[in-house]
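With the hints as constraints, model all of the structure from the sequences given.
At position 261 of the sequence shown (counting the first as 1) the number is 264 in our numbering, and the numbers step up by one without a gap.
By construction, these hints were calculated from the structure, which means they are not laboratory data. Where hints are given, some of them may not hold.
When the alpha-carbon atoms are kept at most 27 Å apart in a straight line, the in silico DSS-like pairs for lysine-lysine are as follows [unchecked claim]: (1) K169 with K229; (2) K241 with K229; (3) K240 with K156; (4) K34 with K12; (5) K200 with K34; (6) K99 with K34; (7) K156 with K43; (8) K246 with K200; (9) K262 with K246; (10) K73 with K262; (11) K229 with K156; (12) K229 with K73; (13) K101 with K34; (14) K200 with K43; (15) K73 with K241; (16) K262 with K240; (17) K156 with K241; (18) K156 with K246; (19) K262 with K169; (20) K99 with K200; (21) K246 with K169; (22) K169 with K73; (23) K240 with K229; (24) K101 with K240; (25) K246 with K229; (26) K262 with K229; (27) K262 with K43; (28) K156 with K169; (29) K34 with K169; (30) K73 with K200.
Quick list of the computed label-pair ranges, beta carbon to beta carbon [said to hold, decoys possible]: (31) Y260 with I284: 29 to 39 Å; (32) V25 with K229: 19 to 29 Å; (33) W168 with F276: 21 to 31 Å; (34) S109 with P84: 38 to 48 Å; (35) Y260 with F27: 17 to 27 Å.
For every residue, glycine included, the Cβ atom is placed at its ideal position computed from N, Cα and C.
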Amino acid sequence: MKMRNKWYKNYLYLIPSMLIIVVFQLIPLFKVFAMGFYTKFNYVTDEVYEVGLDNFINVLTDENFYIAIKNTFTYVALSVPLSIALALIVAININKIKRLKGFFTSVYFIPFVTASVAISVVWRWIFHSEYGFLNMIINFLGYQSQGFLLDEKWTMPMLVFLNIWKGLGYKTLIILAGLQTIDERYYNAARIDGAGKFVIFRNITIPMLAPTLVFLVITSTIGSIKIFDEIFVLYDKKPGPLKSALTIVYYVFDKFYMKWQFASASAAAFLLFMIIAILSIIQFRVGRRFNYYE
Numbered sequence: 004m005k006m007r008n009k010w011y012k013n014y015l016y017l018i019p020s021m022l023i024i025v026v027f028q029l030i031p032l033f034k035v036f037a038m039g040f041y042t043k044f045n046y047v048t049d050e051v052y053e054v055g056l057d058n059f060i061n062v063l064t065d066e067n068f069y070i071a072i073k074n075t076f077t078y079v080a081l082s083v084p085l086s087i088a089l090a091l092i093v094a095i096n097i098n099k100i101k102r103l104k105g106f107f108t109s110v111y112f113i114p115f116v117t118a119s120v121a122i123s124v125v126w127r128w129i130f131h132s133e134y135g136f137l138n139m140i141i142n143f144l145g146y147q148s149q150g151f152l153l154d155e156k157w158t159m160p161m162l163v164f165l166n167i168w169k170g171l172g173y174k175t176l177i178i179l180a181g182l183q184t185i186d187e188r189y190y191n192a193a194r195i196d197g198a199g200k201f202v203i204f205r206n207i208t209i210p211m212l213a214p215t216l217v218f219l220v221i222t223s224t225i226g227s228i229k230i231f232d233e234i235f236v237l238y239d240k241k242p243g244p245l246k247s248a249l250t251i252v253y254y255v256f257d258k259f260y261m262k263w264q265f266a267s268a269s270a271a272a273f274l275l276f277m278i279i280a281i282l283s284i285i286q287f288r289v290g291r292r293f294n295y296y297e
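Pasting the structure below:
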């Protein structure tokens, strides 16, 4: 009887969180999915006159949608591995520091807790073609100014660099936490057997950090797919030069807020949800194979 009452209490504690999830996540998700099938409706009164697959067909035959997918996956493929690799290097070096470890961790973490819009405004001025701080340095070194925000070839490198700089502190902190859970006895045993630093890193550090790295890969991929704020601010509400910064989320935003094509935006948003869900499942299943010490 006591055990049953304990379970009831556990569920009672979960009710507030579950209500929030249902009201603000599940219901909107089902509403978006349903609206994707609306072909004729009144968005003020929410009356639906006709339904069909026209919105999904329009999105899947839209050239801009595939440009958005290409740009998004290019961004993800570059930013996720580079950011995690750099965070791993920084975390390992910070973990070796005995003094001021908290100070360096805080310094790296500050960009993560700063609003994306504020960061983007600052970097917009840094990348400015005429008055930007970066071009001032380039001119000082004797080189010609670069149109960072005007030339499509700079779009992806800028976005990747901005993402790495912003998320480095968070990823470093997570990896640091993972490093501190590894028992020092594993390293001592490896050193006694004559293992070098690279062998220790490959055979102890990486396998023991596998769950942490899998978590970062999944969350970083989802976060990178949803990039929007930086593009919106950097390029003044535009998808970059020659649509080089057109991502899936920006595509949904453009359909919904700029063109008022609510049903098409809902169809695109649900397709985005499916892409994220499929990628997350694949990454989770692949990641479990590398969890040697589960």
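Checked hints:
The straight-line distance between the Cα atoms of K169 and K229 is roughly 15 Å, inside the 27 Å bound, and the hint therefore holds. Of the supplied pair hints, the one linking K241 and K229 holds, its CA atoms being roughly 16 Å apart against a limit of 27 Å. About 19 Å separates the Cα atoms of K240 and K156, which keeps this hinted pair within 27 Å; it holds. For the given pair, K34 sits about 32 Å from K12 by alpha-carbon distance, which is inconsistent with the 27 Å threshold.
Distance restraint check for K200 and K34: the Cα-Cα separation of roughly 54 Å exceeds the 27 Å cut-off, and the hinted pair is therefore not satisfied. For the given pair, K99 sits about 50 Å from K34 by alpha-carbon distance, which is inconsistent with the 27 Å threshold. With a CA separation close to 41 Å, the supplied pair K156 and K43 exceeds the 27 Å bound. A threshold of 27 Å between alpha carbons decides the hint, and for K246 with K200 the separation of about 45 Å lies outside it, so the pair is violated.
Between K262 and K246 the alpha-carbon distance is near 16 Å, which keeps this suggested pair within the 27 Å criterion. A hinted pair counts as satisfied when its Cα atoms are at most 27 Å apart, and K73 with K262 qualifies at roughly 22 Å. The suggested pairing of K229 with K156 holds, with an alpha-carbon distance near 21 Å, which does not exceed 27 Å. Our distance criterion of 27 Å between C-alpha atoms is met by K229 and K73, whose separation comes to about 14 Å.
Annotation: proposed proximity of K101 to K34 is violated, straight-line Cα distance about 53 Å (limit 27 Å). Note on K200 and K43: the hinted pairing is violated, with a Cα-Cα distance of about 65 Å set against a maximum of 27 Å. The hinted pair formed by K73 and K241 meets the criterion: a straight-line CA distance of about 17 Å does not exceed 27 Å. Straight-line distance between C-alpha atoms of K262 and K240 comes to about 14 Å, which keeps the hinted pair within the 27 Å bound.
Pair hint K156 plus K241 holds up; C-alpha atoms about 16 Å apart against a cutoff of 27 Å. Restraint check for K156 and K246: the C-alpha separation of about 11 Å stays at or below 27 Å, so the hint holds. Restraint check for K262 and K169: the C-alpha separation of about 31 Å exceeds 27 Å, so the hint is violated. In summary, the hint linking K99 to K200 is supported, as the alpha carbons are separated by about 13 Å, within the 27 Å threshold.
Annotation: proposed proximity of K246 to K169 holds, straight-line Cα distance about 23 Å (limit 27 Å). Restraint check: the Cα-Cα separation between K169 and K73 comes to about 23 Å, which is no more than 27 Å; the hinted pair holds. Taking the CA atoms of K240 and K229, the gap is about 16 Å. The hint holds against a cut of 27 Å. Between K101 and K240, the direct Cα distance comes to roughly 46 Å. Violation of the 27 Å bound is thereby established for this hinted pair.
The straight-line distance between the Cα atoms of K246 and K229 is roughly 17 Å, inside the 27 Å bound, and the hint therefore holds. In summary, the hint linking K262 to K229 is supported, as the alpha carbons are separated by about 20 Å, within the 27 Å threshold. Only pairs whose Cα atoms come within 27 Å are accepted, and K262 paired with K43 is accepted, the gap being roughly 16 Å. About 21 Å separates the Cα atoms of K156 and K169, which keeps this hinted pair within 27 Å; it holds.
Straight-line distance between C-alpha atoms of K34 and K169 comes to about 33 Å, which puts the hinted pair past the 27 Å bound. For a cut-off of 27 Å, the pair hint linking K73 to K200 is broken: about 39 Å separates their Cα positions. For the pair Y260 and I284, the supplied restraint of 29 to 39 Å holds, since their beta-carbon distance comes to about 30 Å. At roughly 21 Å, the beta carbons of V25 and K229 sit within the given window of 19 to 29 Å.
The hinted window of 21 to 31 Å between W168 and F276 holds, with their beta carbons roughly 28 Å apart. Here the CB-CB span from S109 to P84 is close to 26 Å, at odds with the stated 38 to 48 Å. Hint check: Y260 to F27, Cβ distance near 20 Å, so the stated range 17 to 27 Å holds.
Violated hints for the displayed structure, listed by number in ascending order: 4, 5, 6, 7, 8, 13, 14, 19, 24, 29, 30, 34.
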